[in-house]
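Using the sequences plus the hints, can you model the full thing?
For what it's worth, the numbering used here labels the leading residue of the first sequence as 1, then goes sequentially.
None of these hints come from the bench; they were simulated from the model. A portion of the hints provided could be inaccurate.
Stated by the list, open to error - Here are the computed distance ranges between Cβ atoms for each label pair:
no., residue 1, residue 2, range
1, 61, 159, 30 to 36 Å
2, 8, 109, 23 to 29 Å
3, 158, 49, 28 to 34 Å
4, 30, 66, 24 to 30 Å
5, 173, 49, 18 to 24 Å
6, 4, 180, 38 to 44 Å
Stated by the list, open to error - With a cut-off of at most 27 Å between alpha-carbon atoms, the simulated DSSO-like pairs for lysine-lysine come out as follows:
no., residue 1, residue 2
7, 184, 170
8, 170, 3
9, 34, 119
Every residue, glycine too, gets a C-beta built ideally from N, C-alpha and C.
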Amino acid sequence: MTKKIPIDFYRRDDVVQIALDLIGKDLYTYIEGKICAGTIVETEAYRGPEDRASHAFNNRRTPSNEMMYRAGGKVYMYICYGIHDMLNIVTGAEGCSHAVLIRAIEPHTGIEHMRERRKLYNDDHRLCQGPGSLAKAMGLNKSHNGSDILLSDKIWIEDSGKKFSADEIKASARIGLNFDGPYKMIPWRFYLKGNNYVSRSNL
DNA sequence: TATAGGATAGGCT
DNA sequence: GCCTATCCTATAG
Numbered sequence: 001m002t003k004k005i006p007i008d009f010y011r012r013d014d015v016v017q018i019a020l021d022l023i024g025k026d027l028y029t030y031i032e033g034k035i036c037a038g039t040i041v042e043t044e045a046y047r048g049p050e051d052r053a054s055h056a057f058n059n060r061r062t063p064s065n066e067m068m069y070r071a072g073g074k075v076y077m078y079i080c081y082g083i084h085d086m087l088n089i090v091t092g093a094e095g096c097s098h099a100v101l102i103r104a105i106e107p108h109t110g111i112e113h114m115r116e117r118r119k120l121y122n123d124d125h126r127l128c129q130g131p132g133s134l135a136k137a138m139g140l141n142k143s144h145n146g147s148d149i150l151l152s153d154k155i156w157i158e159d160s161g162k163k164f165s166a167d168e169i170k171a172s173a174r175i176g177l178n179f180d181g182p183y184k185m186i187p188w189r190f191y192l193k194g195n196n197y198v199s200r201s202n203l
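Below you can see the structure in the form of structure tokens.
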């Protein structure tokens, strides 16, 4: 018996702790009549406004990133490199712009739908490996921006009951950051050690 | 209106 | 492992 994670989980101020706590939770989507789900195995924390890697760095506000300023528990979708949709969960209180990027899940439900969306039939460990692939496999895109992770019937997160000890989860610098400075190397990426569904698992 | 740049993925060496 | 196509968005003029 599983259930959705309560809203207080997302409204905490410590986005790094939330990114860590999301490892092992189950992400579900019900899109185009297809139910898909998997266990979160890789996340990254983005802490606006002081984190240069965050879209909300320096309190930057645009129509695209507006969702980051909502109270925790909203879905923030962002298009990267013009082609890849990425799934973020907004955290913290209203007006605070922290978010967690979901980078990879280990699929366990609706895998045949994921294969179809990805046109990838013989490589299941790559279906949701990396944020762009994950969104595509799960049927997520910019139209899901602003969904409420507790109220939406298209996307939600459940507590799988799985528990991981501190030495089973590894922290590293975040991926793909294109600048120099103290936040480039800060270890705000978390992933399950040895898990085959994690992107770039050696870093 | 034009243009630079970006939280990638996949193909090739 | 390295390289780059690809195209949306923000920003400047």
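Do the hints match the structure? See the list:
1. 61 / 159: 30 to 36 Å: holds (33 Å)
2. 8 / 109: 23 to 29 Å: holds (26 Å)
3. 158 / 49: 28 to 34 Å: holds (31 Å)
4. 30 / 66: 24 to 30 Å: holds (25 Å)
5. 173 / 49: 18 to 24 Å: With Cβ atoms ~20 Å apart, the hint holds.
6. 4 / 180: 38 to 44 Å: holds (40 Å)
7. 184 / 170: Distance ~17 Å between residue 184 and residue 170 Cα, so the pair holds.
8. 170 / 3: With Cα atoms ~26 Å apart, residue 170 and residue 3 stay inside 27 Å; holds.
9. 34 / 119: Roughly 16 Å separates the two Cα atoms, so the pair holds.
Hint compliance for this structure: every hint is met.
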